[in-house]
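Novice: Letter by letter, the chains look like this.
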Amino acid sequence: MIGNKKEPVEGKISTASMPDIIFMLLIFFMVSTVFREFRGLPVRIPSAVSSERIDGKRNIAHCYVDVNDRISIDDKLMTPREVTSIMYLKRMANPRIIVSMKIDENCKYEIVDRVHKALQEADARRIVYATLTKE
Amino acid sequence: MLKKPQRKLGDFNASSMADITFLLLVFFLVTTTVSTDRGILFVLPPTADEVTPTRVRGVVNIFLNDENQVLMGQRGREEEVAMPQIRNRLTMLQREIASQGDSIIVSIKATPGSTYRYYVDILDQVKLARIQRISLAP
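Read top to bottom, the protein sequences are chains X and Y.
Letter by letter, the first sequence follows residues 1 to 135 in the numbering used here.
Letter by letter, the second sequence follows residues 1 to 138 in the numbering used here.
Don't read these hints as lab results, they were simulated from the structure.
Mixed in with the good hints, there may be bad ones.
Here are some, though not all, of the chain Y residues that point toward chain X, as calculated from beta-carbon distances under 7 Å [claimed, not checked]:
id : residue
1  : 12
2  : 17
3  : 19
4  : 24
5  : 38
6  : 44
7  : 127
Here are the in silico distance ranges between beta carbons for each label pair [claimed, not checked]:
id : chain 1 : residue 1 : chain 2 : residue 2 : range
8  : X       : 96        : Y       : 10        : 47 to 57 Å
9  : X       : 17        : Y       : 30        : 22 to 32 Å
10 : Y       : 27        : X       : 14        : 20 to 30 Å
11 : X       : 55        : Y       : 23        : 55 to 65 Å
12 : Y       : 13        : X       : 70        : 35 to 45 Å
13 : Y       : 56        : X       : 33        : 48 to 58 Å
14 : X       : 68        : Y       : 101       : 45 to 55 Å
15 : Y       : 32        : X       : 40        : 12 to 22 Å
For glycine and all other residues, C-beta sits at the position ideal for the given N, C-alpha and C.
Bound conformation, chain X alone:
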């Protein structure tokens, strides 16, 4: 014997479990995806230092107010009175609702106050002033 010649080992990765892994990822994304249902209005939101991250996408209702004092919820323009009724329904459906106020930074406080009053009447009092982060 002159020495054993080693036979080259053929390396193979089993791809049998690949679909399982992909399935797992798929299910994760399917569960965590919340579709964006509406586009809102073009607004420039103000920035603040103390802005914090708001968790729980499913509990957030978006309310847009632009410079021309138009109020939009779910892509429908509405009056403050309509805001009260729609927010009341939303709060009934989900008591943990948080209203994210996307208000243009150049809006007058008058319209902000009107939205406040509408939300107070609907008893949807947990709100977030959407801001960008400064510094």
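For this one, chain X is given, so just place chain Y on it according to the hints.
Specialist: Only chain Y this time, still in chain X's reference frame:
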């Protein structure tokens, strides 16, 4: 021979399963939006007719006028301050009020003609001063 012919089980080709799931995965990956909701949390007071009269001691008023100037202080002692100074002023007032045995309540009042940006600036400063009790004056 009475032997029944053996039935062949149908084979199912699962090799394209991975492709299909990949396709779905890519779809959900693309449509998922990363949460970008940031902002200042605030709880509005109950409606005006439900509000019970509160104490006056320990209340710091902050006023914002149509020219976006800020006036702040305890009742009767309000003075004009610049926006970036609100935070320090509040910390000072907080200490002063605490020494009298009260807790601070900040009441913000903005006139209808003031600009939302400055209102948010005030709220930002109040939040930075770590004040828990904030109210909106009607």
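Novice: Each hint needs a verdict: does it hold in this structure or not?
Specialist: A quick look at each hint next to the structure:
{"no.": "1", "hint": "12", "verdict": "13 Å, violated"}
{"no.": "2", "hint": "17", "verdict": "5 Å, holds"}
{"no.": "3", "hint": "19", "verdict": "9 Å, violated"}
{"no.": "4", "hint": "24", "verdict": "5 Å, holds"}
{"no.": "5", "hint": "38", "verdict": "5 Å, holds"}
{"no.": "6", "hint": "44", "verdict": "4 Å, holds"}
{"no.": "7", "hint": "127", "verdict": "4 Å, holds"}
{"no.": "8", "hint": "96(X) to 10(Y): 47 to 57 Å", "verdict": "50 Å, holds"}
{"no.": "9", "hint": "17(X) to 30(Y): 22 to 32 Å", "verdict": "25 Å, holds"}
{"no.": "10", "hint": "27(Y) to 14(X): 20 to 30 Å", "verdict": "27 Å, holds"}
{"no.": "11", "hint": "55(X) to 23(Y): 55 to 65 Å", "verdict": "30 Å, violated"}
{"no.": "12", "hint": "13(Y) to 70(X): 35 to 45 Å", "verdict": "56 Å, violated"}
{"no.": "13", "hint": "56(Y) to 33(X): 48 to 58 Å", "verdict": "51 Å, holds"}
{"no.": "14", "hint": "68(X) to 101(Y): 45 to 55 Å", "verdict": "49 Å, holds"}
{"no.": "15", "hint": "32(Y) to 40(X): 12 to 22 Å", "verdict": "19 Å, holds"}
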